[in-house]
Every structure is written in C-alpha cells, then in structure tokens.
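The listed protein sequences correspond, in order, to chains A and E. For the first sequence, position 60 matches number 60 in the numbering used here, and the numbering has no gaps at all. Numbers in the numbering used here are just positions in the second sequence, counted from 1, shifted up by 266.
Just so you know, the hints here were simulated from the structure itself, not pulled from any lab data. The reader is advised that the hints may include incorrect statements.
As the list claims (entries may be wrong) - The calculated lysine-lysine pairs, modelled on DSS-like cross-linking and capped at a C-alpha distance of 30 Å, are: (1) A:K44 - E:K570; (2) A:K44 - E:K479; (3) A:K98 - A:K118; (4) A:K20 - E:K644; (5) A:K20 - E:K648; (6) A:K44 - E:K644; (7) A:K20 - E:K646; (8) A:K62 - A:K44; (9) E:K481 - A:K147; (10) E:K714 - A:K24; (11) A:K262 - E:K317; (12) A:K165 - E:K349; (13) E:K531 - A:K43; (14) A:K20 - E:K562; (15) E:K275 - A:K20; (16) A:K170 - E:K427; (17) A:K24 - E:K646; (18) A:K259 - E:K309; (19) E:K529 - A:K20; (20) E:K497 - A:K120; (21) E:K271 - E:K349; (22) E:K486 - A:K20; (23) E:K349 - A:K192.
So you can see what is in the structure, the chains are spelled out below.
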Amino acid sequence: MDRLDMLEAESIYILREAYKSFGKLGMLWSIGKDSTVMLWLAKKAFFGHCPFPFIHIDTTYKIPEMIRFRDKIAKEYNLDLIVYTNWDAINNGMGPEKGRLVCCKALKTDALQHVIDKYKFEGLIVGVRRDEEGSRSKERIFSERNKDSEWNYTNQPPELWDQFKTDFPKGNHIRVHPILNWTELDIWQYIKRENIPVVDLYFAKNGKRYRSLGCAQCTGQVDSNASTVDEIIEELKHTNINERAGRAQDREDAYAMQKLRKDGYM
Amino acid sequence: MVESKEIFKIVVVGHVDHGKSTVIGRLLYDTKSLPEGAIEKVKRISKETGKPFEYAYLLDAFEEEQKQGITIDTTQIQFHTKKRDYVIIDAPGHVEFLKNMISGAANAEAALLVIDANEGVREQSKRHGYILSLLGIKKVCVLINKMDLIDYSEEKFLDVKSDMDIFLKSINVFPQKYIPVSAFHGENIALRSEKMPWYKGDTVLDALDIFEKDKEITDKPLRLPIQDVYKFDNRRIIAGRIESGVLNVGDEIVIYPSKRTSKIKSIEYWQEKDRTTKAEAGMSVGITLFDEFFYKRGEFITGKSDEAPLVGDTFKANIFWMSENRLTVNKRYKLKLVTQETECEIAAINKVIDASTLFSNDDAKEVNTNEVAEVVIKTKDKICFDEFRNNHVTGRFVIVDGYDISGGGIINGLEILDAANKFIKGNVELQITCFDEYYYLIPSNEIKKVAVERKSYKIGDKLPINGDTYYYPDNFDVVDLNNELSALIRDGRLVDLINLNDYEYKGYPVYSSDGFLANVKNQDDFINFKNDFKKSKYDLVDFANKWYDPMANKRIVYKAV
Numbered sequence: 001m002d003r004l005d006m007l008e009a010e011s012i013y014i015l016r017e018a019y020k021s022f023g024k025l026g027m028l029w030s031i032g033k034d035s036t037v038m039l040w041l042a043k044k045a046f047f048g049h050c051p052f053p054f055i056h057i058d059t060t061y062k063i064p065e066m067i068r069f070r071d072k073i074a075k076e077y078n079l080d081l082i083v084y085t086n087w088d089a090i091n092n093g094m095g096p097e098k099g100r101l102v103c104c105k106a107l108k109t110d111a112l113q114h115v116i117d118k119y120k121f122e123g124l125i126v127g128v129r130r131d132e133e134g135s136r137s138k139e140r141i142f143s144e145r146n147k148d149s150e151w152n153y154t155n156q157p158p159e160l161w162d163q164f165k166t167d168f169p170k171g172n173h174i175r176v177h178p179i180l181n182w183t184e185l186d187i188w189q190y191i192k193r194e195n196i197p198v199v200d201l202y203f204a205k206n207g208k209r210y211r212s213l214g215c216a217q218c219t220g221q222v223d224s225n226a227s228t229v230d231e232i233i234e235e236l237k238h239t240n241i242n243e244r245a246g247r248a249q250d251r252e253d254a255y256a257m258q259k260l261r262k263d264g265y266m
Numbered sequence: 267m268v269e270s271k272e273i274f275k276i277v278v279v280g281h282v283d284h285g286k287s288t289v290i291g292r293l294l295y296d297t298k299s300l301p302e303g304a305i306e307k308v309k310r311i312s313k314e315t316g317k318p319f320e321y322a323y324l325l326d327a328f329e330e331e332q333k334q335g336i337t338i339d340t341t342q343i344q345f346h347t348k349k350r351d352y353v354i355i356d357a358p359g360h361v362e363f364l365k366n367m368i369s370g371a372a373n374a375e376a377a378l379l380v381i382d383a384n385e386g387v388r389e390q391s392k393r394h395g396y397i398l399s400l401l402g403i404k405k406v407c408v409l410i411n412k413m414d415l416i417d418y419s420e421e422k423f424l425d426v427k428s429d430m431d432i433f434l435k436s437i438n439v440f441p442q443k444y445i446p447v448s449a450f451h452g453e454n455i456a457l458r459s460e461k462m463p464w465y466k467g468d469t470v471l472d473a474l475d476i477f478e479k480d481k482e483i484t485d486k487p488l489r490l491p492i493q494d495v496y497k498f499d500n501r502r503i504i505a506g507r508i509e510s511g512v513l514n515v516g517d518e519i520v521i522y523p524s525k526r527t528s529k530i531k532s533i534e535y536w537q538e539k540d541r542t543t544k545a546e547a548g549m550s551v552g553i554t555l556f557d558e559f560f561y562k563r564g565e566f567i568t569g570k571s572d573e574a575p576l577v578g579d580t581f582k583a584n585i586f587w588m589s590e591n592r593l594t595v596n597k598r599y600k601l602k603l604v605t606q607e608t609e610c611e612i613a614a615i616n617k618v619i620d621a622s623t624l625f626s627n628d629d630a631k632e633v634n635t636n637e638v639a640e641v642v643i644k645t646k647d648k649i650c651f652d653e654f655r656n657n658h659v660t661g662r663f664v665i666v667d668g669y670d671i672s673g674g675g676i677i678n679g680l681e682i683l684d685a686a687n688k689f690i691k692g693n694v695e696l697q698i699t700c701f702d703e704y705y706y707l708i709p710s711n712e713i714k715k716v717a718v719e720r721k722s723y724k725i726g727d728k729l730p731i732n733g734d735t736y737y738y739p740d741n742f743d744v745v746d747l748n749n750e751l752s753a754l755i756r757d758g759r760l761v762d763l764i765n766l767n768d769y770e771y772k773g774y775p776v777y778s779s780d781g782f783l784a785n786v787k788n789q790d791d792f793i794n795f796k797n798d799f800k801k802s803k804y805d806l807v808d809f810a811n812k813w814y815d816p817m818a819n820k821r822i823v824y825k826a827v
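The task is simple: from the sequences and hints, build the whole structure.
Here's what the structure looks like:
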C-alpha cells in the first residue's frame, strides 16, 4: 500500500467507526477541497451511499461560485443537505467589519452551535488537517466538545490504536476528524488520483488562485499560474508559502485559531 | 503519475527539557521542510515572550506551551527524505502529560529516545523506555543531546551511553544506535558534526532511513474484525479493516468465536476502478459471503487454513494506567479490543511496577496513575484475540472507566483461572469458594460475590471461618458432590480430606463447597442427598433449592466499590 492507500484506508475506518458509534451524526461540508475529498471518502466508505446529513454553515459572505458548486454536487450526489445561516446575527448587522474574530464566532461558531442544538448531533465529522495550523495539529481523531462546544485542549483524553473516544456525558458531542493526518499535498494528489470534482476557484486565472477557501471578504488569493490539478501538485512541492496565508482571521492574533477553536470553531 | 512513497512513523520521547521538540524543530529546519514565515513567527514569539529563540516553538503550537516552554500535547509533523515520507510524532516529557506521550507513541513504528548528555538518565528517560517496550516498539535509536554543554566529550558520551544501555537491556530494549548530538546547534542532526570527529557513525537523518519497516503483517494469519454490516441496497456488506493477512474472492473462511464457515463471494466497491478480487492487511474493505447468517461487529473473519485466534474470557496482560482514578479489582470497566467491546473486571493484580525505578510490588491491591502492572482480566463475554507477540493489533486493548479511556494493555496469553481456593492433601484437591464474601455494592446497587485472595489450605492449616459476610461453626464438613470429595474441619482447622464414599455423617453440619448449608441431619439424609444429586444432574436448580439454605451462616454487607 502506498501513502494515499494508507490514508484512504484510515479515513474510511474512522468514518465507519463514527457511523457505528453515534446515533445522530452529521458531516460538515465547507465546499472546500478538504471536505469535498472527505465527502468522496464517505461515498467510498459506504459504497456510494451517504448515511448521514451534510451541513453547510452559510455565512452569506461565501464566494458565489462556492454556492453554485455546492448546489450542483448536492443534487448530483443526492445529499441530505442542511444549510444553516445565523440570520439573527446577520440581521443585526454582523459582518467582517465588526472584527474578524467576532464575525467568525457569530457566523460560524454560533451558527454551528445552533445546528448542533437543533438536530441534537452526537457526532460531527469535520475536515480539519494537522498541517493546516498549530492547534489543529494537536487534535485527536475523536475529540470531545462540551455542551457549549468548548474544547478542553490542555486535557485531551488518550487516544491509542484507533480506540476512539465514544463515551461522553449527555449534552456533549464528539468532533470526528477523518482526514486529520492528510497534508495539503495528499489532498491534491488524491483529487488527481480519484478525479474528484472541486470548485473552480482553486485554479489560477490571471496569475492568481485561491489555496484555501473561506468568506469572500476574508480570503485572499495567492500568486500562481497553476491552472490544473497537476500544476497545483507541482506548485505545492516547491512552495514555502503557508496554505492559510490568504486567511485574514489567522493574522488577528498569534493564537487566533486556538482561541476560536477553544470556543467551538472548526 | 502520482508518486507516493511509503510512510514511516517515528516518535521522539525522553525526559522533560532533554530537547525532544528541539531535535524535531532542527530536523525540519535543516531539511528545509518548514513553510515560509515559520522561523520568523518563532522569532517574533521569542521576542514577545522575552525568551531565547527555540526551535521547539515550531511544534509547541499552543499558547500555553510556548509561554511556559513545555510540550503539553503530542503533535505530528511530516517531512521527506529521498527514501520515504516521515511522520514525526512529538511527545511530551512531563509526567503529568504521560497519557499524551502514550497517545503519540502508540502510533509509532520506531522511536528516538533523547537524553541530555549533561543530566544523564532521568526518571522519564526510563519511564519512556519502559513504555516503548510495552507498546512493542523495538526499533529505537538513542540521541545523547546537548553535547555542546559537555564540550563534545567522548568520554562523557560513553558514560551516559553505558548507563542507558544497562537500563534498556534490563527491559529488553536494544537500541540500534547511540548518536551524540547538539540539536540546538544542529550537530549530527542532518549534517555531520566537525566538533565530534571521534564519532564515526550516522547522523540522525541517516539513522532514520536505516530503520526498516515491518513487512510481515501480510504474511500473518488473516484477521478481519467485523466493523459493521451494511444493507443500504440489495447487498449485505460486511465492512472492516484487514488487520493482518490477505483475502481473495473464493477463499474459505471461519468466523470466530462462532466458528461458522463460509466463502468470500465478492469484495465490494463504489468506483469501477476499485474493483478487485484480492485485499491485504491495512485495507478497509467491504465483502459479501456466500452464506448469509447473522454477523456481528467484533467477530473475527479468518482464513480456513489459518491459525485460529484465541477465544476466551480470561487472559493475562501487561497494562499501563493513565487515569487519576486508581484501577481496582472487582470494579466494572469496559474493554475495547479492535472492534470488540465488552464489560470486564480485573480478576487479579499479580504485580505493579513503577516504570521509572522498576520497583515491583507483588502485594499491590490497586494500580495508580502512570504505573504499569501485570494483571489477569476477566471479560463478561468471550472475545477473540491473539497474543501480542504474535499479532500486535489483535493483541492489544484499552480499558474505559466511565467516559474515559484510562488504560491500555497487551495480552500475554489465555489464563485458566484457579477459580477458587483449595483444600489440599497430597495430590488431592477440593476447590472451595465458601470463604468468598457476598457484598451489596454501592453505588452499583447489586449483590456480588467477591473472591478472596487465592490460597491453598493443607491438612492442619487454620481456616478463615469468620469473614465479613459469613460465620461457620468451629466443626463442620464440606462435601463436593461433583468431585466426590469431603473435607473435615475441626476446631477451625482442616483435619482431613477424604473420598465421599468413605464419608460418614458424624453430627456436624454439612456445607457445599460454595458454603451453602445442606439439609442433612443424619446418615440417611446424606445418602438421599447424594443419590438425589446423581439423579438431578440436569436440573441442579431444583436440587439446590430442595437441599440448600444459601443464607444460613451468611449475611449481606454493604460495601463501596
């Protein structure tokens, strides 16, 4: 088995453990490359079926191509898709100009919390990867959140030999991270190997492309001429630029992501 | 064509402040594996916190870790050599984060054990060495770090090496190499050091490439523990990961523990390109069988000609305990072994070992945080497993206490428990449980028989005729109808052990070997009692209800678990 075979087998094992362990399970789908690969892995794990709902937290600030891609794929794959927007916050004028961390909390973290409360999810599958950012690098595969979605990162439970945490007090839930051990390069090599459709924004136009997708206002493009999957793979082998360099919220504070994630950010 | 190399996972362990994170940080820096801005970010953090520059900050990503200069939790980071891709696992050195160290180390195939040349072998150097041996990590390389602090002295290097070697050999760890390094200055990490011309061996980077990956997992007997059974469409698919061995469509298989047999009909797939007739260890597959019976999560699918897994409810194990709540006998835990889950309890603690001193306590009644122990575990249901030395994956398990994974362990073999105490005369044995206690346990609110310490009594031995929950007279007889033996007890001592055919009722009360009073008042009663037993072999409940008074000489006492 080569590297991609091993990662695929591990992710499928994790997805199946999650499906077996939690009565109410959902998968977050941000429409980006990582969670789209995860969606593909779920189709493989369950032989073309997706036995749980997909959740898109729509901040209303997403790039329009993303929404078009979302609706197309959801229809093609016949997904049970939950789209949720924190309209209370939007109607009260929430937006990036209020401060990026404040905005992320209201439109992503709080929105997610509302979805968890509404559907009573016991498990949420999330497409974070260790190599994206420091606090994600320290995650467990099955990671507990309390009833307020808070992450106690200084006292995480042991995780040995794929024996995941599946016992937790009522009200808490588990974040499941099936692609935690993948790198950005793995993701693109897998996209190539499996021929997985991804949103067009990743491919360079006029010398620029998106490497990481988020809200329109807070996500910048990087200089690049990589307009095919092959060219992206080649670019990533030689780049020294951080994947999230285009993401504004990370620059607000050296520990911005850690702070956001402690309170329930993905 | 996508090039994809093999992955090799290495954990870096050792005592606190001996330089684990620095070794990794330097390895990444020297191999140019860091993204742009990573070093600048670390420099900025050093400036903001007023602390000297640390490569360790590259991995210690949490604010608390950087501000306090400690590693709290394990992390993984990847880098590549020409030979292969590496996942380097950083593990905390502080004893209070041992559970995080174990979480990291459990995933590794090989280990770098870092020792400060100046401080020498310390508590966690030993504890981590011991944990590696328990986890079955045999590929170990010792880095003697901070050579700059001892003027790159070969003599001192050899001293530390010798100390560590003696310790590691005593726990059956045989390091492949000892490498003198200065991680902070990059000596012998990726590049050879000019400061230590006396050292002719490999750099750390070269040493990594020399570690050989285990290949034999596909050569072992097939073990496919059932993870789940899916019926999304007209297929009934058994899903699971092949933990060892190989399977082919058409292979004859046996499912344990039920021992039902069948044949593999298909390996299922979603994308046409994944169609195959063969699968091997490591793959997460879905198969269908020719015979459709009830398959259950946890059962093992193995090849018909393969060696069978062990099946049983009692086994010997070495465990490490990570919880703040002590591990005790006669408390219920959950055991998870591959995809099996069952209730279990610790039937016996044979030995508790302090992993940092190797001090061993044979009389321990419980296991404390961070201790290692040899125990006997009894599961509620029979489970399938292998001895750890034969198969790592199917030979290891975790123990869940309440909501938390609290301990991990490896199986050393099936155990046939001596269920009871014994009366012994020569080579004749009468097994007894009459000195076990019956407690009403709080908070589980149940009556439970609790076995006393296993012990054998010889003729003339004084017996514990008064316990917490029973009180026998000074003179009585114990009869074992099954094994046709009888024990005579006079003045609280065992005086004889005889064949039941030679037994005569002498007016002393008669008890079963479980300590239940038999309604026998004379020799005729005794004959009827004996004959009734022979007739009622298949209905012991009626026999017992007719002849025994279970509560005579017993009382139930409350006890906290």
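Against the structure, the hints:
no. : hint            : in the structure
1   : A:K44 - E:K570  : holds (28 Å)
2   : A:K44 - E:K479  : holds (28 Å)
3   : A:K98 - A:K118  : holds (27 Å)
4   : A:K20 - E:K644  : holds (26 Å)
5   : A:K20 - E:K648  : holds (21 Å)
6   : A:K44 - E:K644  : violated (38 Å)
7   : A:K20 - E:K646  : holds (22 Å)
8   : A:K62 - A:K44   : holds (28 Å)
9   : E:K481 - A:K147 : violated (44 Å)
10  : E:K714 - A:K24  : violated (36 Å)
11  : A:K262 - E:K317 : holds (25 Å)
12  : A:K165 - E:K349 : violated (35 Å)
13  : E:K531 - A:K43  : holds (22 Å)
14  : A:K20 - E:K562  : holds (12 Å)
15  : E:K275 - A:K20  : holds (28 Å)
16  : A:K170 - E:K427 : violated (51 Å)
17  : A:K24 - E:K646  : holds (28 Å)
18  : A:K259 - E:K309 : holds (21 Å)
19  : E:K529 - A:K20  : holds (25 Å)
20  : E:K497 - A:K120 : holds (25 Å)
21  : E:K271 - E:K349 : holds (8 Å)
22  : E:K486 - A:K20  : holds (28 Å)
23  : E:K349 - A:K192 : holds (23 Å)
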